[in-house]
Structures are given as C-alpha cells and as structure tokens.
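Student: One letter stands for each residue in the lines below.
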Amino acid sequence: MTEPEQSGNMHALNPFEQENRESTDVPELHRAVLREQFEPSEGEQRAPLLLLLGIIAMAMFGGWYLSAYDGDFDPHNYDGPDAFTSTGRETDNRTPKVIDPMLLGKRIYNNCLSCHQPNGEGLPGKYPPLNQSEWVAGDDRILARILLSGLTGPITVKDKRFNGQMPGWGQLSDRDLAALLTYVRASWENEFPAVSESTITEARSEIGTREAWTLEELKSLKLPAKAKSDQDHAEPEASSKQDQNRELKK
Amino acid sequence: MNSEDNVSVTHPRTTDAQRRFEIDRSCREVVVFWYVSAVCWLLFGSLLAMIASIKMHTPGFLADAAWLTFGRVRPAHLNAMIYGWASMSGVGTLLWLMARLSKIKLPWREMLLIAGIYWNVFVAIGIWQILAGNGTSIEWLEFPWWISIALGAVFAILIVLAVKMLTTRREKHLYVSQWYLLGATIWFPFLYITATVLIHSPAAIGVAKGTTNWWFAHNVLGLWLTPIGLASAYYMIPKVIGRPIYSYALSILGFWTLALFYNWAGTHHLIGGPLPAWVITVGTVGSLMMFVPVITVAVNHHMTMVSHFKKLKFSPTLRFTVFGAMAYTVVSVQGSLTALRTVNLTGHFTHYTIAHAHLGVYAFYSMVAYGAMYYIMPRLIEREWYSSNLIKVHFWCTAVGITMYWVGLTWAGWFQGMMMNNPDIPFLDIVRYTIPFLWSRSIAGILMTIGHLAFAILVFRMVRRDGAWLVEPTLLRSIKNQQMEPAPRLEGADL
Numbered sequence: 001m002t003e004p005e006q007s008g009n010m011h012a013l014n015p016f017e018q019e020n021r022e023s024t025d026v027p028e029l030h031r032a033v034l035r036e037q038f039e040p041s042e043g044e045q046r047a048p049l050l051l052l053l054g055i056i057a058m059a060m061f062g063g064w065y066l067s068a069y070d071g072d073f074d075p076h077n078y079d080g081p082d083a084f085t086s087t088g089r090e091t092d093n094r095t096p097k098v099i100d101p102m103l104l105g106k107r108i109y110n111n112c113l114s115c116h117q118p119n120g121e122g123l124p125g126k127y128p129p130l131n132q133s134e135w136v137a138g139d140d141r142i143l144a145r146i147l148l149s150g151l152t153g154p155i156t157v158k159d160k161r162f163n164g165q166m167p168g169w170g171q172l173s174d175r176d177l178a179a180l181l182t183y184v185r186a187s188w189e190n191e192f193p194a195v196s197e198s199t200i201t202e203a204r205s206e207i208g209t210r211e212a213w214t215l216e217e218l219k220s221l222k223l224p225a226k227a228k229s230d231q232d233h234a235e236p237e238a239s240s241k242q243d244q245n246r247e248l249k250k
Numbered sequence: 001m002n003s004e005d006n007v008s009v010t011h012p013r014t015t016d017a018q019r020r021f022e023i024d025r026s027c028r029e030v031v032v033f034w035y036v037s038a039v040c041w042l043l044f045g046s047l048l049a050m051i052a053s054i055k056m057h058t059p060g061f062l063a064d065a066a067w068l069t070f071g072r073v074r075p076a077h078l079n080a081m082i083y084g085w086a087s088m089s090g091v092g093t094l095l096w097l098m099a100r101l102s103k104i105k106l107p108w109r110e111m112l113l114i115a116g117i118y119w120n121v122f123v124a125i126g127i128w129q130i131l132a133g134n135g136t137s138i139e140w141l142e143f144p145w146w147i148s149i150a151l152g153a154v155f156a157i158l159i160v161l162a163v164k165m166l167t168t169r170r171e172k173h174l175y176v177s178q179w180y181l182l183g184a185t186i187w188f189p190f191l192y193i194t195a196t197v198l199i200h201s202p203a204a205i206g207v208a209k210g211t212t213n214w215w216f217a218h219n220v221l222g223l224w225l226t227p228i229g230l231a232s233a234y235y236m237i238p239k240v241i242g243r244p245i246y247s248y249a250l251s252i253l254g255f256w257t258l259a260l261f262y263n264w265a266g267t268h269h270l271i272g273g274p275l276p277a278w279v280i281t282v283g284t285v286g287s288l289m290m291f292v293p294v295i296t297v298a299v300n301h302h303m304t305m306v307s308h309f310k311k312l313k314f315s316p317t318l319r320f321t322v323f324g325a326m327a328y329t330v331v332s333v334q335g336s337l338t339a340l341r342t343v344n345l346t347g348h349f350t351h352y353t354i355a356h357a358h359l360g361v362y363a364f365y366s367m368v369a370y371g372a373m374y375y376i377m378p379r380l381i382e383r384e385w386y387s388s389n390l391i392k393v394h395f396w397c398t399a400v401g402i403t404m405y406w407v408g409l410t411w412a413g414w415f416q417g418m419m420m421n422n423p424d425i426p427f428l429d430i431v432r433y434t435i436p437f438l439w440s441r442s443i444a445g446i447l448m449t450i451g452h453l454a455f456a457i458l459v460f461r462m463v464r465r466d467g468a469w470l471v472e473p474t475l476l477r478s479i480k481n482q483q484m485e486p487a488p489r490l491e492g493a494d495l
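First to last, the sequence lines map onto chains F and B.
Residue 250, in full-length UniProt numbering, is where the first sequence stops; the numbers in between run on with no holes.
Residue 495, in full-length UniProt numbering, is where the second sequence stops; the numbers in between run on with no holes.
Among these hints, one or two may not hold up.
[Said to hold, decoys possible] Going by beta-carbon spacing under 10 Å, a handful of chain F positions derived as facing chain B:
#1 34
#2 37
#3 44
#4 46
#5 62
#6 65
#7 69
#8 73
#9 138
#10 215
#11 217
[What the hints assert, rightly or not] In silico contact screen, one side only, chain F against chain B (beta carbon under 7 Å); selected entries:
#12 32
#13 33
#14 45
#15 57
#16 58
#17 66
#18 115
#19 193
#20 209
#21 224
#22 225
No wet-lab data here; the hints were simulated from the structure.
We put the beta carbon where it would ideally sit given N, CA and C, even for glycine.
Build out the structure end to end from the sequences listed, making use of the hints.
Tutor: Now the structure itself:
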C-alpha cells in the first residue's frame, strides 16, 4: 500500500502515528488542522496499459466519425437527411440549387403541426383538420389569404364547428408559403393541385397588412374568376405531384 | 511566536498545522461570505424550481401571476442556481484551495469581499429582471446583457488573483487541483465575455448566435463547474483518506485531454439544426473524445479510494465527494453517448435532456461542493458541525432525490422521444404519458429541498458558532464504537 506523502519533510511522523491528541502545548484552536492528514500529493503509478489502448481506440473511432460525417466541410451542407436543397455534391457547386416544394413545405409545416398535428387531423373541438378539408380543397386564393393574415372566430370544417384563432404567417416568404400550401394539399389523403408562388404574391399585394379574417369576411370576398392560363398552368404541377409524393415517402 | 517556534522543535507537525491554521484564518471572512451567499441562492433557487416543476403537471398553479409564469420561473431558477449557488460556492472553494495548496495567505481580502457583495447584487438584479419579463431568452445567458458584462468584470479579478497566488506560492510543486483551478479562472471569463459580446452585439446574426449560445452553455458546466468540482475532488479524496492520488501521469492526461476536448463539445446540442454538418460532427467527436479525460479521472479516483471505501460510512466530506465523483463518470458517459446522432434523435427535446443536465450540475457538481463545504467551514469558523443527524438528512434527501429525479425523467424522456418520432401517436397522448414522471420529479424536488433546508440550518448554526468546540469532528456515525482496523489511523479521521 502506498504511504501518505511526507510533504518533503523527513522529520514528519508516520501518519499512523501522527495523531497526538494528548499534546497539551498545542492551542485548542489548531485541533481541526492538526488532525488533518498531510496535504495531498500524487503517486508515481504508470497509466494502465488497457486505458492507453482504449484511448487509442477512441481516437481512431473519433477520426472515423469525423471523416464519415464531415459533409465535405462544405458550409452549405446542412445536417440531416431532410435537407431541402439538393446537395449538388456530384455536380458543380455553382449551379443553382433545386428546391423541392414538398420537402421545403414539409419543413415549414413544423410551424403548423402543434395545432394541426403531423397527420393533418387537427385536434377535435380545438383545431380544425387539414386532411380532406373543404377549405384546403377550395379556392387557393382564399387559402392564401387565410394563411397570410390568419383566421378568427367560428368556422365549420367537415361538418364540425370550431371556434379558435389562427395567427397569420405573412412574415414568411412567398416561396415558403406556396411550398407549404403545396405540401398541405398533397399530403395525407389530399390530392389537390399545387399552389404557385404567384398566387401568394397576388394575394399579398391585394390584402396588404390586415387583421385576421372572419368567416363572414371570407364569404363576402369577391374574387375575379380564375384566368384560364392559371388553370392550364396548374395541370402539369398536379401530375408532378405524384412523383413528389413518392419521393417524400422515401 | 517564540513559544510556537519552540513547539516546532519538539513537534514538527505543529508548525505545519500552525501555518494551515493561519491560511484558514486569512480565508475566513471572504470564503464564509461567498459560501453563505451560495446557500441563500440555493434555497431561493429551490423555491423557483419547485414552482416550475409543479407547473409542469398542474398548469393552473400560480398561473395568474405574470411574474411566476413558467417561461420566467424556469430561467430564473437556472440562473439562480448557476450564477448564485454554483458559481458562488465554486469561488469560495477555489479561493480556499488556492490558498491552501499555494501555502500562502489569501491576498486582497477586502476586494474579494466587495466582489462578493457586488456579485450578489448583480445576480439579484438579474433574477429580478428575468422575473419582470426582461430576460433575453438565450439559454444560460438570460440576464440582460449589461448584467453579463458587470458579472464578467469579477472574473478579471479572479484571473489576476489566481496568477498572483501561483507566482507567489511557497510550495514549488503544483498539485493537480491547482491546474484545474487556474484553468477554470482563465477559461470561464473568456467564454462568458466572448459569448455575451458575440450574442448581444448587433453584428451577430442567426445561426452564429445559436452556435455561440450552445458552445457557451455547454462549457459553463464543462470549463467552469467541472474543473472546480474536479479540483475539489482531487483535493478532498486523498486528504480525507490520507493517501496520495494514485497516479501523476493520469492526472496530467486527464487535465490536458479535458482542456483539449471539452471546448468542442457544445455544438452537439444543435444536431438536426441549420448548421453546416461539419460543425455538428466536430462537436460530436469532441463529446466522444471526452471519454478519455472522464475514464482517466475515474480510474485515478477509484484507484485512490480502493480499500478505503469503509470510510464512506463516517466522513460526510468523503461521502458527498465520492458520490459526486461517481456521478461525474455517469453523466459524462451519458453525455458522450447522447452526442451521437442516433441517440440524439430520440433523446433531444425531451425530459431526457433535463435529467442529464441535472445529473451534471446537481449529482456531480453540487454534491462535490457540499463535500468541500463540510470540510472547509469548520476550519474557517473553528467550530464543529452542529448535528450529525442533519448531515444525514442532507445526504440521504439529496442523494435519493437526485437519483429519483434522474431515473424518472430519463425514462420519461426516452419514451417521450420514441413516441414523438412516431407521427401516428397524438401529441396529447405523449403529454399524458409523461405526467406521472413529472409528479415524481416534483416529489424528488421536495426531497432535495428538504436536504437543502437541513444544510442551510447547519450552515447558519455554524455561522452563529452553535457547534461544539473543536474536539471531535462531526461524523456520520461515531468511530469509537467501531472495531475498525487499523484503529489508530481512523481515530484521527478527518471531517
């Protein structure tokens, strides 16, 4: 067994004998420090071999992990498999990155899922569902207006009454909102056409900044009939939606 | 002086004791002030913790008072504990250990007392600002920025003081505790001021703020509380059992690997976040490599303790310190594993993380701090602890409390994470699942608070000098009736 260090003082007593409680010439005050052991010191044992081997193994594992997940040290290579931009690792980095509205929309939908839930069913009696909702299926210009400025007061969705408040999301960009609506209209059991960025842009410029909508205001809205080119435009997007859907499920 | 010199001729050990006694005397007012302030913050922080914890399962509790809403009480609790309890007790231990190990009297006592008052005032203003709704919403830096700057100034004193004490030291050999203490005094102000400037200055935007925030928050534990806790454990364990630390080589290895790796670990909090992937990977590797210092320190402490575990039955200092040192191993291993992406996927954003944080700051740091205070305060005040039973209450309430807290929330958090990753489970079902565990947290919190009250009674009795005159250390159980071998050695067991 290792003996306690002698503090460099060769005259110090062996710690087994160092207690001298009978000593009367020591002031009473010193008792606490007198009964102390010597100040701690360090032994000379060598590090165990197993520990050193373990450290080498850890360093190797750390090196492997670093190289496996370094993302090429590319500042544009974000963490996680759901990154919404294509990495462009095989192609030239300078080419513009392709944005998939379904992946972008799914990410934006993180803002919505605490109320409308990941499965789009909402919460009965509290938050209306988006899945198979007649509002989601309806005119995308109204949908855009609700999303931009929010909605307040009673509303009926899928024959159920709700009375709550939804905040507006006008602070998000047109691209993000269009992607979000496209995602909502193509997710779960929904199979409705995509929403284009220009729809959001138009709605935003027409309503400006305003308070949340009520049901009456939405019903009294007089929107011009949709231009024909818009509907033509929507068709190819709807067909490509199937592909996007499949991609998302991967 | 003459009589003492005479004594030293016949009994060399008394000069040693005399010198230690004088060093302790020089620390008395300063360290006692920082310690007593720390205990007051501990009680106040426990109160805030109880309010926050009860709100988790009974949301209506105190819900009408804006000052006591969850979003204010929780950061107030965190800051009261980190900057009030942990930092103040840490500075107290740091000053005493530095003086003891450098074998010089504590310099600048008036300034350190004023710094203690100043620190209390600014932490109090900070907590008041948080409760008033002026918190910054940046985790671990919730104080308004001007308070962070004001607190940071105290550390300037601590750096200069630590360097001054080391350069004027009488003991040539630097003990491992001193490295850790010097590291803590240099690292933390750098962290604190850099983070405050980088986060609050208008130049900082977006992702850079988040990265800095977690780099800082993780390092408050890693490069401020951990070094002080380890310095204390490295001192108290060999001191109480009367035996050198197992290996100087392991001490060096543990210190430098901690200095090298801990600083990188913070970004593992941002796995899945909008950071470049490599930043997070580097954080994960840093966390994994923390295995090295942790296992090294664990081996070093364990090999020192081997064959002395019996003393845990007697010495409060040893029992608290060893509990803390063991918790350090557990929390660090858990932390390294949590940093892996696959584990983080489940554990992050759940109660699991909260359990982990408390294991670090409470089961490791706070328990070690209690141990140090049990050793240091009798030497400063020259009285023994008032009651052995209250020490037992303190130990068992806090030890059982934190264990229950950790087990309950880790379990709840892990299953919560697995359920949240399954989109078919409605969110409210998950919330309902965790409620029993949130109750267990509140009960654990009550237990720990009882322990804190026992400790506060002990400390206030100590300050009033109600304890016995220095005759026998207050031990958890009396040594006299035990048939221990070798008996003479235990006769003088330290408090």
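Student: Hint by hint, note whether the structure agrees.
Tutor: To see whether the hints hold, each was checked on the structure:
Taking 10 Å as the C-beta cut-off, the interface hint given for residue 34 of chain F holds, the closest approach to chain B being about 4 Å. For residue 37 of chain F, the suggested interface contact is upheld, since its CB lies about 4 Å from the closest CB of chain B, less than 10 Å. A distance limit of 10 Å between C-beta atoms decides the matter here; for residue 44 of chain F the minimum to chain B is near 6 Å, and the interface restraint holds. At a threshold of 10 Å, the smallest CB-CB gap from residue 46 of chain F to chain B is about 6 Å, leaving the interface hint in force.
Restraint check, residue 62 of chain F versus chain B: the minimum CB separation of about 5 Å is within 10 Å; hint holds. Contact between residue 65 of chain F and chain B, as hinted, is supported at the beta carbon level, the nearest pair being about 5 Å apart and thus within 10 Å. Taking 10 Å as the C-beta cut-off, the interface hint given for residue 69 of chain F holds, the closest approach to chain B being about 4 Å. Because the smallest distance between the Cβ of residue 73 of chain F and any Cβ of chain B comes to about 5 Å, under 10 Å, the interface hint for this residue holds.
The criterion of a C-beta within 10 Å of any C-beta in chain B is not met by residue 138 of chain F, whose closest approach is roughly 26 Å, and the hint is violated. Here the hint on residue 215 of chain F is broken, as its CB sits about 27 Å from the closest CB of chain B, past 10 Å. With its C-beta approaching chain B no nearer than about 31 Å, residue 217 of chain F sits outside the 10 Å limit, and its interface hint is violated. Given hint, residue 32 of chain F at the interface with chain B, holds; its Cβ is 5 Å from that chain's nearest Cβ, closer than 7 Å.
The beta carbon of residue 33 of chain F is positioned within 7 Å of a beta carbon in chain B (closest approach about 4 Å), and the interface hint is therefore held. The interface hint given for residue 45 of chain F holds, since its Cβ lies 4 Å from the closest Cβ of chain B, which is under the 7 Å cut-off. The beta carbon of residue 57 of chain F comes no nearer than 10 Å to any beta carbon in chain B, farther than 7 Å, and the hint placing it at the interface is violated. Nearest Cβ of chain B to the Cβ of residue 58 of chain F: about 5 Å, under the 7 Å cut. The hint holds.
With a least beta-carbon distance of about 5 Å to chain B, the hint placing residue 66 of chain F at the interface is held under the 7 Å criterion. Residue-level restraint check for residue 115 of chain F is violated (minimum Cβ-Cβ distance to chain B is 10 Å; threshold 7 Å). Below 7 Å, beta-carbon pairs count as interface contacts, and residue 193 of chain F has none with chain B, the closest being about 25 Å; its hint is therefore violated. Among the interface hints, the one on residue 209 of chain F is violated; its C-beta lies about 24 Å from the nearest C-beta in chain B, farther than the 7 Å criterion.
Against a cut-off of 7 Å between C-beta atoms, the interface hint on residue 224 of chain F is violated, since the closest Cβ of chain B lies about 39 Å away. Checking residue 225 of chain F against chain B: minimum C-beta separation of about 39 Å lies over 7 Å; hint violated.
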